[in-house]
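Colleague: What follows is each chain in one-letter form.
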Amino acid sequence: MALSTRLLILWLLSEGPLHGYRIRKILSAPGLAFWFRIEDASIYSMLRGLVRQGFATAQEGTPTAYRITRAGRSELSRCIERAWRGQTNAKEPLCAALAAADELEADEIRDFLEARKAVLGARRAQLVKLAPAAPSGLLARREKALLSAEIAWLDAELEREES
Amino acid sequence: MTEETVDTQVIANLVVRDPEGRVLFVRYDPENEKWWLPGKDVAPYTHPDETAAAVLAAVEGLAVDSTELSHVESFRGRRGWHLVFNYDVRATGAPGGSDEAQWFDAEALPRTVHGAWEKQVVARVTAGQAGRDHSAA
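Residue numbers (my numbering), protein chains in the order written: chain A, 25 to 187; chain B, 7 to 143.
Bear in mind the hints are in silico, worked out from the structure with no lab data behind them. Since we're looking at a predicted model, the values are computed, not measured. Fair warning: there could be bad hints in the mix.
As the list claims (entries may be wrong) - Have a look at the derived ranges for each label pair, beta carbon to beta carbon:
id: 1; chain 1: B; residue 1: A133; chain 2: A; residue 2: A173; range: 34 to 40 Å
id: 2; chain 1: B; residue 1: A122; chain 2: A; residue 2: T112; range: 21 to 27 Å
id: 3; chain 1: B; residue 1: E56; chain 2: A; residue 2: A173; range: 47 to 53 Å
As the list claims (entries may be wrong) - If the Cβ cut is set under 8 Å, some of the chain A residues that face chain B in the computed set are:
id: 4; residue: L36
id: 5; residue: E39
id: 6; residue: R94
id: 7; residue: R97
id: 8; residue: W108
id: 9; residue: A158
Backbone N, C-alpha and C define an ideal beta-carbon position, used for all residues, glycine too.
With the rest of the complex left out, here is chain B (with noise of 0.2 Å):
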């Protein structure tokens, strides 16, 4: 029998949400003017709660009340396949650090690096879901 590795990235994905139900996104790529959910792969060894909190510490100016994880998503990712852990998390301050980070309204986000995807995310962090929902994509 021969064994089959796969890359799997992991990810720590971020909805940030502010007390007036405003979404957090973030600019990695100057070049690129699509935005990004906050997040990062997860390193090896590593929780996702604590890359999920480095996320956090990145971005400047922000004070975090709360984070619980969403739910997690499985499927074949750009690169490899994804395992994705999606954080709910308060927050409130005015986003600063080094990559571009701004509030957006709920019903009006920005373009994204994925789509319909992180509005998918969105959508079902702000639904309610949180700890209930670990059903694959």
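Here chain A stands alone, though its shape is the one from the complex (with noise of 0.2 Å):
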């Protein structure tokens, strides 16, 4: 999360000055949560912690505008590397979940396959409609790839639990 809001604070930076309320406001534009996360509180925290560690100035004056420093030109490339490069986890809730199936009855199981199913199937409609909106064809493409895979591990998951 930290990672990722540093990665769009500096991003938005780059292009030119900004007041943390427009970062804000830009960062939780309608369309944009479906994408990605970042909780709101944490964007004046992570400004001013950009401010302390040089990648970013703030000029004085109501409200504060924050301007992007060579450094944090240097630190918006290698955030968008770790992110790129860094390893996969598998953190969410989910991941807990699958590792605890033993404690589920067979019904359940595909009573919960079927809600997953059911949830990602409305996610990939919605999928659909915002891509042309999507803050890049890229994220878009990775998402619906995703989105795939996991309703084929959920059919495939289905046919088992059948047989």
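Need the complex rebuilt from these two chains, each delivered in its own frame; the hints are there to steer you.
Modeller: Put into structure tokens, the structure is as follows:
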């Protein structure tokens, strides 16, 4: 989460100086929450942190304008690289629930698989609608591929349950 | 029914080419090594053509031969919804002014602020689609 917030704020600032409230407004724009989550409350503390670390400067005034520094541009490149090359991790709660599969009876597993499939199906339908307004085509295509892969896995599990 | 207001940035974006086919780029932030295509946000109640003319006037030493609207793009940009009027400009001269400006060979375009986007715009304008294609990105 911290890496996402850091990356997104530096990315916005790399185009030009911005006020904190404007950053908050941009990141809470309609449709964006579908693509990535950002904690509203973390924006200002992240901005203060970036200033402390020399990655941005705060131009005094009301409101304060933030400007990226040369070091901040290098930090943005590092954040992007870390996000791309970083290890994928299985941190979503579902992974823990899957580990605890022996808590469930076969019919409960089937119900959960169906429920998950419905959630992902709804998300895929939403994605089709929102894809033209995605922050980037790369992001939209990845999300679509991941959803399709998980739906295919759910179908395979449901088939397995049946046999 | 609730109404949603959208932050829309209207932008005049210029692909300025000289007779040798070179493309003009500007460094609006001297602290940033990346280049921009000449351009500017269109102020409310200003025509994009007027903004394009102002952008060109800010580049000293440039003799403009023609300015023509090439195509319009509409997409989610970094800071909100973008409506970009891309212009095809023919000009000559040694560019200067308060912002660093430089001609680049079409085959060797510099690193730009928006990565591949500027190159796509240049490719589309130079492909001669002027005035025909107004489809969304």
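Colleague: Against this structure, judge whether each hint is valid.
Modeller: Evaluated hints:
1. A133/B to A173/A: 34 to 40 Å: Once the Cβ atoms are compared, 36 Å apart, the range 34 to 40 Å for A173/A and A133/B holds.
2. A122/B to T112/A: 21 to 27 Å: holds (25 Å)
3. E56/B to A173/A: 47 to 53 Å: holds (50 Å)
4. L36: holds (6 Å)
5. E39: It holds, given that the least Cβ distance between E39/A and chain B is near 5 Å, below 8 Å.
6. R94: Nearest chain B Cβ about 6 Å off; hint holds.
7. R97: This hint holds: R97/A lies near chain B, its Cβ roughly 7 Å from the closest one there, short of 8 Å.
8. W108: Violated. Min distance 14 Å.
9. A158: holds (7 Å)
Consistency note: the structure conflicts with earlier hint 8 alone.
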